[in-house]
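Peer 1: Sequence:
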Amino acid sequence: MSEKLMIIGSYLALFAAVLGLLSGQFLLATVVAAIGVWGLGSHNRRSAVDDVIDSDLPTPSAAELKSYREKNPDLSFSEAIVAWQKGESA
Numbered sequence: 415m416s417e418k419l420m421i422i423g424s425y426l427a428l429f430a431a432v433l434g435l436l437s438g439q440f441l442l443a444t445v446v447a448a449i450g451v452w453g454l455g456s457h458n459r460r461s462a463v464d465d466v467i468d469s470d471l472p473t474p475s476a477a478e479l480k481s482y483r484e485k486n487p488d489l490s491f492s493e494a495i496v497a498w499q500k501g502e503s504a
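Everything in the sequence shown is counted per our numbering, starting at 415 for the first residue and increasing by one.
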């Protein structure tokens with residue numbers, strides 16, 4: 415729900431920036447547009463990471479996580495947990 419509100423707020427900020435440009439409020443429009451673009455950019459970065467730790471699935475113990483990361487050293491801790499959960503749930 416909060417992501418939808420952030421997206422809506424970002425688009426409203428961009429719309430307000432367009433109105434500001436049309437009314438001659440260039441500095442205000444620039445600031446509001448920057449806020450709108452920043453909001454959309456942060457949403458896009460978050461949505462690019464589709465894999466998140468599922469709190470409903472079991473999480474590995476520290477020993478299991480260490481063993482899993484030794485086999486997959488290129489994964490971060492959160493990526494290793496997500497991959498471990500997918501392996502467990504499959």
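A portion of the hints provided could be inaccurate.
[Stated by the list, open to error] Derived CB-CB ranges, DEER-like:
{"hint": "1", "residue 1": "VAL466", "residue 2": "PHE440", "range": "56 to 62 Å"}
{"hint": "2", "residue 1": "GLY438", "residue 2": "GLY501", "range": "40 to 46 Å"}
{"hint": "3", "residue 1": "SER490", "residue 2": "SER469", "range": "44 to 50 Å"}
{"hint": "4", "residue 1": "SER481", "residue 2": "GLU417", "range": "51 to 57 Å"}
{"hint": "5", "residue 1": "PHE429", "residue 2": "THR473", "range": "41 to 47 Å"}
{"hint": "6", "residue 1": "ILE422", "residue 2": "ASP468", "range": "25 to 31 Å"}
{"hint": "7", "residue 1": "ASP488", "residue 2": "GLY423", "range": "33 to 39 Å"}
{"hint": "8", "residue 1": "LEU442", "residue 2": "SER481", "range": "52 to 58 Å"}
{"hint": "9", "residue 1": "LEU479", "residue 2": "LEU442", "range": "48 to 54 Å"}
{"hint": "10", "residue 1": "GLU478", "residue 2": "SER416", "range": "28 to 34 Å"}
Honestly, the hints are just simulated from the structure, not real lab data. Glycine included, every Cβ here is placed at the ideal spot set by N, Cα and C.
Peer 1: Indicate, hint by hint, whether the structure satisfies it.
Peer 2: These are the hints, each one checked on the structure:
| no. | hint | verdict |
| --- | --- | --- |
| 1 | VAL466 to PHE440: 56 to 62 Å | violated, 40 Å |
| 2 | GLY438 to GLY501: 40 to 46 Å | violated, 59 Å |
| 3 | SER490 to SER469: 44 to 50 Å | violated, 18 Å |
| 4 | SER481 to GLU417: 51 to 57 Å | violated, 34 Å |
| 5 | PHE429 to THR473: 41 to 47 Å | holds, 42 Å |
| 6 | ILE422 to ASP468: 25 to 31 Å | holds, 26 Å |
| 7 | ASP488 to GLY423: 33 to 39 Å | holds, 36 Å |
| 8 | LEU442 to SER481: 52 to 58 Å | holds, 56 Å |
| 9 | LEU479 to LEU442: 48 to 54 Å | holds, 49 Å |
| 10 | GLU478 to SER416: 28 to 34 Å | holds, 32 Å |
Violated hints, listed in ascending order, are 1, 2, 3 and 4; each of the other numbered hints is respected by the structure.
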